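*Asks:* Read off the chains here:
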Amino acid sequence: MSSDAAQRAFIDRIDRHRGILFKVAAAYCLNLSDREDLIQETVAQLWRAYRAFDGRSSFSTWMYRIALNVAIGSLRKETRNRRTVGPAEMAFLEQIPEPQSEEDERLSLLRTLIANLPPLDRALMLLYLDDYAYAEIAAMLGISESNVGTKIARIKERFRRHAQLIVT
Amino acid sequence: MESALKSLWAESNRRLEASMRLNAVLLENNLGTAKTSLNRLMREVVFELAIDVAGIVLLGTFAAAHAAQLRFVIPAVALDLYAIALVVLGGRQLAAIRSIDYGRPVAGVQSQLEALRILRIRTTQWASLFAPLMWVPLAIVLLKGLAGVDLYAAGTGWLLANVLFGLAVIPIAIYVARRFEARLQDAVASRDAIRRFEEARP
Numbered sequence: 032m033s034s035d036a037a038q039r040a041f042i043d044r045i046d047r048h049r050g051i052l053f054k055v056a057a058a059y060c061l062n063l064s065d066r067e068d069l070i071q072e073t074v075a076q077l078w079r080a081y082r083a084f085d086g087r088s089s090f091s092t093w094m095y096r097i098a099l100n101v102a103i104g105s106l107r108k109e110t111r112n113r114r115t116v117g118p119a120e121m122a123f124l125e126q127i128p129e130p131q132s133e134e135d136e137r138l139s140l141l142r143t144l145i146a147n148l149p150p151l152d153r154a155l156m157l158l159y160l161d162d163y164a165y166a167e168i169a170a171m172l173g174i175s176e177s178n179v180g181t182k183i184a185r186i187k188e189r190f191r192r193h194a195q196l197i198v199t
Numbered sequence: 040m041e042s043a044l045k046s047l048w049a050e051s052n053r054r055l056e057a058s059m060r061l062n063a064v065l066l067e068n069n070l071g072t073a074k075t076s077l078n079r080l081m082r083e084v085v086f087e088l089a090i091d092v093a094g095i096v097l098l099g100t101f102a103a104a105h106a107a108q109l110r111f112v113i114p115a116v117a118l119d120l121y122a123i124a125l126v127v128l129g130g131r132q133l134a135a136i137r138s139i140d141y142g143r144p145v146a147g148v149q150s151q152l153e154a155l156r157i158l159r160i161r162t163t164q165w166a167s168l169f170a171p172l173m174w175v176p177l178a179i180v181l182l183k184g185l186a187g188v189d190l191y192a193a194g195t196g197w198l199l200a201n202v203l204f205g206l207a208v209i210p211i212a213i214y215v216a217r218r219f220e221a222r223l224q225d226a227v228a229s230r231d232a233i234r235r236f237e238e239a240r241p
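For the record, the sequence lines run as chains A and B.
Every letter in the first sequence is one number past the one before it in my numbering, and letter 91, counting from 1, is 122.
Every letter in the second sequence is one number past the one before it in my numbering, and letter 112, counting from 1, is 151.
Rather than coming from a laboratory, the hints here were simulated on the basis of the structure.
Please read all numbers here as calculations on a predicted model, not as lab measurements.
Even for Gly, the Cβ is constructed at its ideal location relative to N, Cα and C.
Hints should not be assumed to be uniformly reliable.
The following label-pair restraints were derived from C-beta to C-beta distances [stated by the list, open to error]:
(1) A/Ser175 x B/Glu56: 30 to 36 Å
(2) B/Ile90 x A/Ser91: 39 to 45 Å
(3) B/Ala212 x A/Asn147: 36 to 42 Å
A few chain A residues that face chain B, going by a derived Cβ cut-off under 7 Å, partial list only [stated by the list, open to error]:
(4) Arg49
(5) Ala80
(6) Asn100
(7) Gly104
(8) Leu138
(9) Leu151
(10) Ile174
To spell it out: a stretch of chain A is covered by chain B in this simulated footprint if at least three of its residues, at any positions, have a beta carbon under 8 Å from a beta carbon of chain B; those stretches are [to be verified]:
(11) 35–48
(12) 53–66
(13) 84–98
(14) 154–166
Chain A with its partners taken away, still in its complex shape (with noise of 0.2 Å):
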C-alpha cells in the first residue's frame, strides 16, 4: 500500500470512529478551540503509534486507549494555569445552547458531574458509560477488575445525590 493509500485508509478508520476523539476532547477540553489542538495530537499520535497496531485489541478500545491517554497528559500541562474549573465554565457548556428542555438539564448536569472527576475517574466513567465490560475497562486502565468494580461504585455513589436530576 502506497504511503497515500495508507494515509487515507487510515484517515477512514478514524473518521468511523470520531465519536471517541469527540467525547474524549470534550470530557477534558473546556472549549473548542483545545478540543480542535487535542484531536490534532491524538490524531498525530495515532498514526505514529498506528504500524504498531497488532489488533490484539479492537482498533476502537486501542483508539479509545491512546485518545485518553493524549488527554490525561495534556490536561495535567493545562492545570498548571488552570487548575479548577467552576460550574458556570464546565466543558461542553458553550456547545449547547442553555437548557430548555428538562432532558438538556440532565445532559448538562451529568456531563458537569463527569468534568469534575479527576482525570483518571473520568476514563474510568467514560468506558462505564461506553458499556465496556470490566475486564475491558481494566485492561485498558492498567488495574485490577475488582478495583475498577470498587471505583465505579464510588464514582455512581458520589453521582446518586443528583439523582433526582438524572432518573427521570
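Position chain B against the provided structure of chain A, taking the given hints into account.
*Replies:* The following block gives chain B in isolation, referenced to the frame of chain A:
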C-alpha cells in the same frame, strides 16, 4: 440508575456527533507533518544533548591544549563535569521518552509521563542551581579559548566584579528554584494520585 446514566450518556454522544464534524481532508493533509508533543520534546532533549556533547568535546580539546597550565585545566574540568552530568540526565530523559507507548494501559503511561516530568523538573532545578557556580570557569575558559585573554591576569577588580555578579544572580536563582519547586510538588502530587488510582482498596 445505571441504565438511566448510560442512556443519557448515549444521548450526549449522539448530540456531540451531530454538532461536530471531523475535517478528514485537512487531517490527512497534515498527517505527514504532524508532530506529537513527545516528538517535540524528544527533539528538544536531543538538541540539548547535542550541545552538551559538543561542549564536552570542546572542553576536552581546550583542557588538552592547556594541559600544562592547571589554572585553565581546573575550570575546564569543572565545566566538563557539569556537561557530563547534563548528558547523563538528558540520556535518562531520552530513554524515558522512547519507552512511552501511548497504546499501553492508561495508568502505566500516565505514571511514565509523570516520572518524565519529575525528571525534567529536577534536571532543570539542578542545572539552575549549579549554573551561577559555572559562570567564573566559563568566563575563564571562553575568553582564553576564543580570544586568548587570561582572566587571571586581570587582577582583583575582575574578581570583585564576578563576586558581585554572583550575588546579583542569587535572587534569580531563588526565584527559579521556587518556581520549579511548585511544579515539582504538582508533579509529585499527580504521581501519588496515579498510584492511589492503581491501588485496589476495598
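*Asks:* Look at each hint and say if it fits the structure.
*Replies:* Comparing the hints with the structure gives:
no.: 1; hint: A/Ser175 x B/Glu56: 30 to 36 Å; in the structure: holds (33 Å)
no.: 2; hint: B/Ile90 x A/Ser91: 39 to 45 Å; in the structure: holds (43 Å)
no.: 3; hint: B/Ala212 x A/Asn147: 36 to 42 Å; in the structure: holds (39 Å)
no.: 4; hint: Arg49; in the structure: holds (5 Å)
no.: 5; hint: Ala80; in the structure: holds (5 Å)
no.: 6; hint: Asn100; in the structure: holds (4 Å)
no.: 7; hint: Gly104; in the structure: holds (5 Å)
no.: 8; hint: Leu138; in the structure: holds (5 Å)
no.: 9; hint: Leu151; in the structure: holds (5 Å)
no.: 10; hint: Ile174; in the structure: holds (6 Å)
no.: 11; hint: 35–48; in the structure: holds (count 7)
no.: 12; hint: 53–66; in the structure: holds (count 3)
no.: 13; hint: 84–98; in the structure: holds (count 4)
no.: 14; hint: 154–166; in the structure: holds (count 4)
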